[in-house]
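Top line first, the protein sequences correspond to chains F and E.
When the letters of the first sequence are read in order and numbered with the working numbering, they come out as residues 6 to 118.
When the letters of the second sequence are read in order and numbered with the working numbering, they come out as residues -13 to 94.
One-sided excerpt, in silico: chain F residues whose CB lies under 7 Å from chain E:
| hint | residue |
| --- | --- |
| 1 | A61 |
| 2 | F109 |
| 3 | P111 |
| 4 | G112 |
Note that these hints are calculated values from the structure, not bench results.
If you're wondering where the values come from, they're calculated on a predicted model, not measured in any experiment.
Glycine included, C-beta positions come from ideal geometry on N, C-alpha and C.
Single-letter residue listing:
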Amino acid sequence: DSGVTQTPKHLITATGQRVTLRCSPRSGDLSVYWYQQSLDQGLQFLIQYYNGEERAKGNILERFSAQQFPDLHSELNLSSLELGDSALYFCASSVRGSLETQYFGPGTRLLVL
Amino acid sequence: KNEVEQSPQNLTAQEGEFITINCSYSVGISALHWLQQHPGGGIVSLFMLSSGKKKHGRLIATINIQEKHSSLHITASHPRDSAVYICAVRFTGNQFYFGTGTSLTVIP
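Sequences are here, hints too, so could you generate the full structure?
Here it is as structure tokens:
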């Protein structure tokens, strides 16, 4: 158990819908990362937050947005969902957000029908 | 262009064998991570390297910054080592890029 929690574990929804994925980092970790893993594109970095501020941005679509709240939990919002958004979404956390080990959550499996 | 190349894609070994997985990248990095993904999907970070060599149990990771290359070694491999091993690189622009993974199967 990494200490990082993600909810929900599984999510099935329809095209065009909007969903919110939630991540709670390990106690004491200030940085949160979001990743997408799909069968055709493998793992991709989406975005990183550090203590509420965006630190780095990867291949995050404009239909996706994220934020980190004062209690350090983070949410990833996915809107206007398409079939291709079906993937495993991982959250990871680390203490400071630079040059250190990341601890991964169990992932949220999203299926868009 | 930021690229991460990992080899081999698939690897089958007999229990006890010494295993090497390689990762090469194209431009300067700030850190390289080796990740292990279990058949159930969970990801564990094995190492974070910015230089030199690290060892944890039967796992050893090395990085050569000049050659832009890293290796993950598993000594005395065991069936429980069967997993996908993924190289992840943080380029100096703070972007993360991932290799396509090496699927390792260790046969008893």
